Amino acid sequence: MRKVGKQSIVFDNVYLKSSSAVVGPLEMQGPLAKYFDAHYDNLYCEKQNWEQAEMQLFTDALDIALVKGNLTPDEIDLIFAGDLNNQITVANYSLRDYSIPYVGVYGACSTSTLSLINGACLLDGGFGRYIMCATSSHNATSERQFRYPTEYGGQKPDSITFTVTGAGAGILTRQITDVRLTKATVGTVVDSGTTDSLDMGRSMAPAALQTLKAHLEDFQEDLNSFDLILTGDLSTYGAKTLKELAREFKIELGNNYHDCGMLVYDLDNQPVFAGGSGCACAAVVMYGYVVKQMLAGRLNKVLIIATGALLNPIMVAQKETIPGIAHAVVLERVK
Amino acid sequence: MNWVDYLMAFLVGGLICLIAQILLDCFRLLPVHLVVLFVIVGSFLEILKIYDWLIKIGRAGALVPISSFGHSLTHAALLESEKIGYLGILTGVFDLTAGGIASAILFAFIIALVFKPKG
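Chains as they are written, first to last, in my numbering: chain A, 1 to 335; chain B, 336 to 454.
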């Protein structure tokens, strides 16, 4: 492992042992349904309230990743996990039932790649044998905390994103497997100057661009070397803005660019406005769709830039702006 | 009761909602901004007695939107202050809206007991 350029890391031996993606009802009706490991037909996930439902998704993701990796919780040396709830409650409470050493991380909706980068650094530095990374989000917990509870019935503009209900987990190892985590770029906080919590895609686009630019410069990489470049949850509004901003720097995002928030739902036929968002958005697309496409040999090299809007409703009420952050990882198929 | 009442209720109520929708779409306000704005505007229009006139011609069309809440606050405060002096502005302000507030709490309680939120 070594630092490359200004803000990137190249890993020597980090592989993905197993991964899991668990989703709610609407995601299961979306175009990526066949790539998910488990799902619930009801937002309550057989629980009493929304937090418990999200915890159920989170623990399901852990359990499925463990089973697929043929591991027990005792064999996991460390877990990096986080979610969107205040005090990353869902990760904290879910991990009561597991005796795995735990580091909580918060990167808003970029938590999936943030936890992967942390885990990969520690593992490549020689710590332990298996490190787990997990994250979750739930439509109802997020809408209530960051916007309005559904019962309030507020009108939503077209620019609003729809929080993905789901959870994803991955287990990293130094043993050679079919999917390798080769590179990463840690993002900087980029403030776009926007204040609209109902248009987070556009507030995160400059952060995504900064990380993309840094990644390409640090590694002297070309956009065409990737089979797929994914941003986390920019949605239709943010993805369009990113393309426009990138063009100013002579970066032409073409057909190999997509956004997880636009992939996870059928935007024309599902009531999701500008597309999906939330920690689970990038997580279920990466751990479900991307990993399975790699295992099937249909994708070889994928750049995933999970984007996070560092939104705090109190700061927005005090007329502060919404800063953004984006962390990138490169997953490659081992041939 | 005649059909003109229905037409006027539709037009007045529709006009208030149309203004709100235009503001919501053009100025990217949050729903809560709009609620506060319309309560304040309703309250000011009452000082100028415009809202009383709107209710007279528009009936339910003017009473149902949130702007009538602002109207009721000012209307009650002014009414009470005429009776007992300046202190009435404070003691009378919730006279007309008390029923609305109390029933909102009561119905919210009953609905919370019976139904479970879907999202």
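The reader is advised that the hints may include incorrect statements.
[What the hints assert, rightly or not] Calculated pairs, DSSO-like style, for lysine-lysine (alpha carbon to alpha carbon, straight line, at most 30 Å): (1) A:47 / B:451; (2) B:453 / A:34; (3) A:213 / A:243; (4) A:34 / A:319; (5) A:156 / B:451; (6) A:292 / A:213; (7) B:418 / A:156; (8) A:156 / A:3; (9) A:47 / B:453; (10) A:3 / A:319.
[To be verified] Derived, one-sided and incomplete: chain B residues facing chain A with beta-carbon distance under 7 Å: (11) 394; (12) 395; (13) 452.
Rather than coming from a laboratory, the hints here were simulated on the basis of the structure.
Note that the structure is predicted; figures quoted are calculated from it, not measured.
Ideal placement from N, C-alpha and C gives every residue a C-beta, glycine not left out.
Hint-by-hint comparison with the structure:
1. A:47 / B:451: Cα-Cα ~12 Å, so holds.
2. B:453 / A:34: holds, 25 Å
3. A:213 / A:243: holds, 12 Å
4. A:34 / A:319: violated, 43 Å
5. A:156 / B:451: Judged against 30 Å, a Cα distance of about 22 Å means the pair holds.
6. A:292 / A:213: Given pair residue 292 of chain A, residue 213 of chain A holds - Cα atoms ~27 Å apart, limit 30 Å.
7. B:418 / A:156: Outside the cut-off at roughly 45 Å; violated.
8. A:156 / A:3: This hinted pair is violated, its Cα atoms lying about 43 Å apart.
9. A:47 / B:453: holds, 13 Å
10. A:3 / A:319: The given pair, whose Cα atoms are some 37 Å apart, is violated under the 30 Å limit.
11. 394: This hint is violated: residue 394 of chain B lies away from chain A, its Cβ roughly 24 Å from the closest one there, beyond 7 Å.
12. 395: Because about 20 Å separates residue 395 of chain B from the closest Cβ in chain A, which is outside the 7 Å limit, the hint is violated.
13. 452: Holds, because the Cβ-Cβ distance from residue 452 of chain B to chain A comes to roughly 5 Å (cut-off 7 Å).
In terms of the numbered hints stated before, the structure departs from hints 4, 7, 8, 10, 11 and 12, listed from lowest to highest.
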